[in-house]
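J.: Each chain, written out:
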Amino acid sequence: MSTDAIIVENAKYNYGDIQAVKGITFNVKEGEIFGFLGPNGAGKSTTIKLLTGLLYPKNGNITVLGLDITKKSGQVQAQIGICFERTNLYEQMSAIENLTLFANLYGVKKFDADELLTRVGLKGREKDRVSTYSKGMKQRLMVARSLVNTPKILFLDEPTEGLDPASADNIRNEILKERERGATVFLTTHDMLEADKLSDRVAFINCGEMVALDTPHNLKQKYGKRIIKAQIQKEKGTLEDREIIMDNSNTANDVHTLFDKEKVVTIHSEEASLEDIFIKITGRGLTG
Amino acid sequence: MSWRIIKLLVIKDFILFFRDKFFGVMTVFGIVFYLFVYFLMPNTVKETIEIGLYAPQASIMFNKKIEVEGLIIRHVQTEEELTQAVIDKELHIGISIPGDIRKSLRPGKKPQILVYYSSDLPDEIKEMYTILIGEMINQMSGFKLGIDDVEIVLGPDMGGKQIPYRDRLIPLLAFMIIMMETFGLANLITSELEIGTIQALLTTPMKVIDLFVGKGITGVLLAFSPAILLMIVTGSLTQNILLIILALLLGSIMVTGLSFFIASISKDMMSVIGWGVLLMIVLFMPAVSIIFPGPVSGWIKVIPSFFLVDILYRAVNFNIGWSGNLNNIMALIGLNIVFVFFGIITLKRKVKCL
Chain A
74 MSTDAIIVEN AKYNYGDIQA VKGITFNVKE GEIFGFLGPN GAGKSTTIKL
124 LTGLLYPKNG NITVLGLDIT KKSGQVQAQI GICFERTNLY EQMSAIENLT
174 LFANLYGVKK FDADELLTRV GLKGREKDRV STYSKGMKQR LMVARSLVNT
224 PKILFLDEPT EGLDPASADN IRNEILKERE RGATVFLTTH DMLEADKLSD
274 RVAFINCGEM VALDTPHNLK QKYGKRIIKA QIQKEKGTLE DREIIMDNSN
324 TANDVHTLFD KEKVVTIHSE EASLEDIFIK ITGRGLTG
Chain B
2 MSWRIIKLLV IKDFILFFRD KFFGVMTVFG IVFYLFVYFL MPNTVKETIE
52 IGLYAPQASI MFNKKIEVEG LIIRHVQTEE ELTQAVIDKE LHIGISIPGD
102 IRKSLRPGKK PQILVYYSSD LPDEIKEMYT ILIGEMINQM SGFKLGIDDV
152 EIVLGPDMGG KQIPYRDRLI PLLAFMIIMM ETFGLANLIT SELEIGTIQA
202 LLTTPMKVID LFVGKGITGV LLAFSPAILL MIVTGSLTQN ILLIILALLL
252 GSIMVTGLSF FIASISKDMM SVIGWGVLLM IVLFMPAVSI IFPGPVSGWI
302 KVIPSFFLVD ILYRAVNFNI GWSGNLNNIM ALIGLNIVFV FFGIITLKRK
352 VKCL
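Respectively, the protein sequence lines represent chains A and B. When we follow this note's numbering, the leftmost residue of the first sequence carries the number 74, and every step to the right adds one. When we follow this note's numbering, the leftmost residue of the second sequence carries the number 2, and every step to the right adds one.
Isolated chain A, as found in the complex (with noise of 0.2 Å):
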């Protein structure tokens, strides 16, 4: 039986008279990605900044791996690992001086540094200095640093935006490769179809508001439609758009009198993505 990683229940922060987190409560479980999801300005970062100890909510509980952020935030970042969405290495220090220099930091005792950078494909680049890489390997490096002290939660914000496929996609490698290992991964991304393939749940924050969780194929049973999109041909040589909801009790009907009087020239079926679903539920889009 899984146990919860995160457990978060009303949690509250405000800067000043802005609220950035307005009472939200949810659970993540241990070995799962948790895909957390808004808009700029939703409060994805601070909720971060909360479960990782660097802010304390004004309000409200938050447990990590089963301690009081706010009494033990030590012993919980210890076994932490957090990937932050803006690029923040010490650039005149090598790759291999920015691993070696966090993984004393964390106390970590054996520390294989060349694995770590052959996973991300840095492995040759290790004693350069960071100012001379480019994004994608900056960001590669971010992971590989998130991952130095083996944590039991990874923490990764935003870590393929901006990047190259063949970055997005090594680090897309990486993540599940953590959740084979059995870390759990606290992912928000604003790439929807990332979120979608890699995530067991998500989360929708908009306003400093919890909105919506579950799977992502719940949240579309729920808030989205699947439908067949078919191309008929008439008589005359006219081509015409038929669509069928999915996922009622007439859909097998209308499906087999669709091939039976029509005459069928393409057929495909079609979901709602995820971002659909986030404008469904809120009004406004992912990127807003």
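These are calculated hints, taken from the structure and not from any lab test.
Pair by pair, the computed Cβ-Cβ distance ranges are: (1) A:205 x B:208: 29 to 37 Å; (2) B:4 x A:158: 26 to 34 Å; (3) B:266 x A:344: 52 to 60 Å.
Mimicking BS3-like on lysine-lysine, the simulated pairs with C-alpha atoms at most 30 Å apart in a straight line are: (4) A:102 x B:208; (5) A:196 x B:8; (6) B:353 x A:225; (7) B:353 x A:95; (8) B:8 x A:211; (9) A:211 x B:351; (10) B:8 x A:145; (11) B:22 x A:196; (12) A:307 x A:336; (13) A:85 x B:208; (14) A:144 x B:351; (15) B:22 x B:268; (16) B:268 x A:208; (17) A:145 x B:349; (18) B:349 x A:211; (19) A:182 x B:8; (20) B:208 x A:182; (21) B:268 x A:211; (22) B:353 x A:85; (23) A:145 x B:351; (24) B:349 x B:268; (25) B:22 x A:208; (26) B:208 x A:95; (27) A:95 x B:349; (28) B:353 x A:144; (29) B:22 x A:211; (30) B:208 x A:145; (31) A:208 x B:353; (32) A:250 x A:211; (33) B:8 x A:144; (34) A:95 x B:351; (35) A:211 x B:208; (36) B:8 x A:225; (37) A:250 x A:270; (38) A:293 x A:102; (39) A:211 x B:353; (40) A:131 x B:351.
The beta carbon of each residue, even a glycine, is placed where N, CA and C say it ideally should be.
Chain A is fixed; fit chain B onto it per the hints.
T.: Structure of chain B alone, referenced to chain A:
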């Protein structure tokens, strides 16, 4: 607090500091340059005053050799030669005695002589020379003033002992080196805040106190080490060794507190330099005032750096030890507490706002 983590932070900061092309190079270059300036300056003091005299009609009368220590009279042949020598600063002043001086020396008459001063001579110095000339004329012409003055020096005779300019410069150079590192540390902290590496550090088991102690140790070492090196190389660490070391250490702690404050109000390297220079100008005033002999204005003594440079000046140049510097040390300790406390409070606020 973890000393293991603090040690890692200090090593990391030193690596970053010396890899910074500006601050790393400036530190090494600064020390070499200041030492070069020091050794370039003469290590002797010119203790003589040379006065020009033009007295064509009364040369016999003014031929008597005066016996004032440090005073040299140079006789010139023309008035033009006299004025040109004053303009060219070959002579401190020039005296021109009119031809009819004998008539003026009768009782009831006041002899008039022309005295040429350089245009940039301050009024106080002019007055001093006027008195000197009166005395000199009296001696040379045989009309002696009937005054016997007795000198009483209160405290260590700092005026009587002539200090070469390069040794007067020591407190200034030491303070300059200490202050220079303020920029370096403030820039290190500001860039950590700007790039966001401080967030990465704070999500490791490192505590905020580790961060401040680490940065503090880095700052003190960066300021103290080159300053002590300067003292050793210039031979200024031969007397009152512990006192000088303590003064430099306290000065380094003070500027570290100042670095924290500058970092807390700066956004990048340019703002660090902007704020730093602003404060540096004020803090340099006591060190500059020491170069010029004479009483120090009261307001200079309220500038925090005064206590540091005064200790260095007294200890290095006049061998004044602990008892003569006790007030300065106490003031410096008090200021250290204020500076460090204020620096930590302001920087902590900034770190919390991230």
